[in-house]
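Now for the letters of each chain:
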Amino acid sequence: MSLFSKENGEVFKSPLNLNNPVAVQVLGICSALAVTSQLKPAIVMGLSVTVITAFSNVIISLLRKTIPNRIRIIVQLVVVAALVTIVSNILKAYVYDVSVQLSVYVGLIITNCILMGRLEAFAMQNGPWESFLDGVGNGLGYAFVLVVVGFFRELLGFGTILGFQVIPDSCYMENGGLYFNNGMMTMPAMALILVACFIWAHRSINKEQ
Amino acid sequence: MAKLNTNSNVYTIVYASVMVIIVAFLLAFVASSLKETQDANVARDVKGQILSSVNLRGEADVDGKYAEVITENENGTFTANINGEEKLIVPLKGAGLWGPIWGYISVNKDGETVYGAFFNHEGETAGLGARIVEEWFQTGFNGKKIFKDNEVALGVYKAGKAPSNLSADYVVDAVTGATLTSDGVRNMIQKCIAQYADAINAFKGGESKSCNAKPCCGEEQCEKADSCCVDSCADCASSCDECGACKAEKECGACCESDKTNK
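Chains as they are written, first to last, in this note's numbering: chain A, 1 to 209; chain B, 1 to 263.
Quick caveat, the hints were computed from the structure, so don't treat them as lab data.
Model, not experiment: these values are computed from the prediction.
Please note: incorrect hints may appear among the correct ones.
Said to hold, decoys possible - The calculated label-pair distances, taken between Cβ atoms and stated as ranges, are: (1) B:Asp39 <-> A:Phe164: 30 to 36 angstroms; (2) A:Tyr172 <-> B:Ala40: 37 to 43 angstroms; (3) B:Glu122 <-> A:Lys65: 43 to 49 angstroms; (4) B:Trp136 <-> A:Leu178: 19 to 25 angstroms; (5) B:Ala194 <-> A:Ala121: 57 to 63 angstroms; (6) A:Ile29 <-> B:Ala28: 31 to 37 angstroms; (7) B:Glu59 <-> A:Gly107: 25 to 31 angstroms; (8) B:Ala28 <-> A:Phe4: 34 to 40 angstroms.
All residues carry an ideal CB built from backbone N, CA and C; glycine is no exception.
Isolated chain B, as found in the complex (with noise of 0.2 angstroms):
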């Protein structure tokens, strides 16, 4: 057989070509075959990150754990009932200093306390801003409080650093040498929160609370739309006052009289 020039134009873009072709019909194949594998670990990664949330870390039986403990609810959030207690899970997303954070945080039955939280991140620097997926950050978290005066207060902030109005109740220790991460941990902890108080108000009030200040206020509209909100028909006329938009005493009663009715 005459030997090929292996040099020749035409050699090497035909050899080019079938190796390029046969790789990628290799490579293809591969991950097709192994996509179903695959999927359910980044699925049982993600209930794995949630179960953290509740303080259930390193479980064994991640998805056993998950059916047993964690609701899906459709507004996007979780509920997780704890030895009987729910807990309500918020997913936060946001961005670090080098690229994405995430994380999920749960709530108390009031609305109010944190009972644990879970972050993790794309490509945080190894050893200062990675260190937030540790478990003493994140324990850091628990018992703290987050709404103040209606406003998610609850932040990370270098010691000493803090608002001066904010008591520690409200402060979780910030990373050292992670300044930037820290801060994207602060503001995606209150921008996502913020965007699920209502959720968390739903399930603070439970099924007792539908004398709301929608109806309180009637047409009008009201700028403290939050802050209406009434747990039960007793209140209603004071925070009606509270909220300056209801005017008449009569006309809160009446919308209360009506929510009764709904009931």
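Here chain A stands alone, though its shape is the one from the complex (with noise of 0.2 angstroms):
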């Protein structure tokens, strides 16, 4: 069987889109809410996710047949617990400022519904290397999503974009113009109505669904 063969390769993309975990499964929609006012923490919430359904699958996976049934979930949750204490560590250590505007949502990862669902799920029918390719692909499905609600957030919020402004300063109603940020859009409500609009967008793409 070839590592790139054409099941592995739609292990990989189907939760990218078609089996998207934030878009589809609705999974993982209380983290989507809290990081994405601003686009940074967004993109290094989602790395953080894919980096550890990738490695806690790989593990899991790994495992599967020594695992003992009864405390599966057990095991399950240590590993993620260990590789998310270690991923708080390593962003407190070397993107401090990160770190303290994801504060608790670090270790929240442990909670992510994306996580055990494709632990239990995937990780504890298939093999290492499928299962990183699935917990690649659903990371960056949830990245994904927390990217589009991040952009829209920070661009429309704070007229910014990664911290560098975009909408000119010219435009905006203290220097004369007619523009002024939407205050809404930092609030977290306004992040369900986007995430709402991109499934809208999703499903009417995608029609057969």
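Take the two lone chains, each set in its own frame, and fit them into one complex as the hints suggest.
Right, dumping it as structure tokens:
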């Protein structure tokens, strides 16, 4: 069986679009609301989840034949928690300002339903390589939604992208223009509405669902 | 090899124990090897917060700027040297709505006017209470007055809700929708600055002020010790009158003489 067979490609690609964890399975919504008020934390959160899903999938897949059935959820949790703790320590050491911004949400990756869902539904039945692809695919599918939501929230809420001003200063009310930032965008409720818009667009593009 | 019975009790217990021990060692190793970098980050963050309180926000070289501008004092305050002018930075700690809030506020040499302020929080509501970290709120403190009748009058109030005897010099506009956090900021400012009132007075007077209330009032306990503080010995008599504790002008004069010799 080749590493990049058609089935494996499907494992990787389907969570990016047709089986997107956020847009289709509606998992991981909570953190999608919390960390998307700006683009940078959204990207970091998406990458952290991708890394953690991929590696916890691999680890659980390697261990799957040895894990006692009665404590399998606990074993999965311990693996995820250990990885999350390591990632959060690394963030704190090397990108401190982002870790402050993400605050408790990195720790809450442990409770992200996408992780437990993939471990239980995929890694427990499949080999390490497929599980790795599945983890990366699902992580990126989640990250993609976060980045889209984060992009619009930062653009409309702050007039910036990744901290750079993109809406010219002269357009603002205080400088005689007609534009002002939409404060609603900075609030979590708006993320929910944007996620809903994303799902709407996603469904109308993929009619066959 | 015979297949292990992965459902036996012994296997389950051994498996769980081994797993937990491995994970514990792994986490302990990661945490201790990264601790130094993390502590340095935390220390740099605190320095950045202190610099923010003297309106030096977003410095690229926090450590360098901090070493250049800030001196730490023994009583927990900081002295900043901004373009040759000294500012006293007072640390603030208080309670917001959901958790601790803290900050730093810097005072001009007159011991009266706010030069800059910085606030931060642990878990205030995003978009509401959390906005106390934003610059527009913090710069609202610049140029405000702190003391009125020797009490800390500076406070954060909803528009129109400030006590009527307070002029706009003492009032900072509260954050909309975050009444409890704003109240927390006000309480924190008033409580913490009051605790450092002596330090601010000492900073204001500098070295010239040694003729303070205590020698004026002799052995007697002066109730309004603070209001007895005088800047020069010429003011001593009148200030003693206000104080009411030192009855004889002579006594007062004498103590001022002794103060002079102390100088």
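Verification of the supplied hints:
1. A C-beta distance of roughly 31 angstroms is found between B:Asp39 and A:Phe164, which places it inside the suggested range of 30 to 36 angstroms.
2. A C-beta distance of roughly 38 angstroms is found between A:Tyr172 and B:Ala40, which places it inside the suggested range of 37 to 43 angstroms.
3. In this structure, B:Glu122 and A:Lys65 meet the distance hint of 43 to 49 angstroms, their C-beta atoms being roughly 44 angstroms apart.
4. Between B:Trp136 and A:Leu178, the C-beta spacing of about 21 angstroms keeps the proposed range 19 to 25 angstroms intact.
5. Evaluation of the 57 to 63 angstroms hint for B:Ala194 and A:Ala121 yields a pass: the beta carbon distance comes to about 60 angstroms.
6. Checking the proposed 31 to 37 angstroms range against A:Ile29 and B:Ala28 shows it holds: the Cβ atoms sit about 34 angstroms from each other.
7. A beta carbon spacing of about 30 angstroms between B:Glu59 and A:Gly107 agrees with the range 25 to 31 angstroms that was offered as a hint.
8. In this structure the supplied range 34 to 40 angstroms holds for B:Ala28 paired with A:Phe4, their Cβ-Cβ distance being about 39 angstroms.
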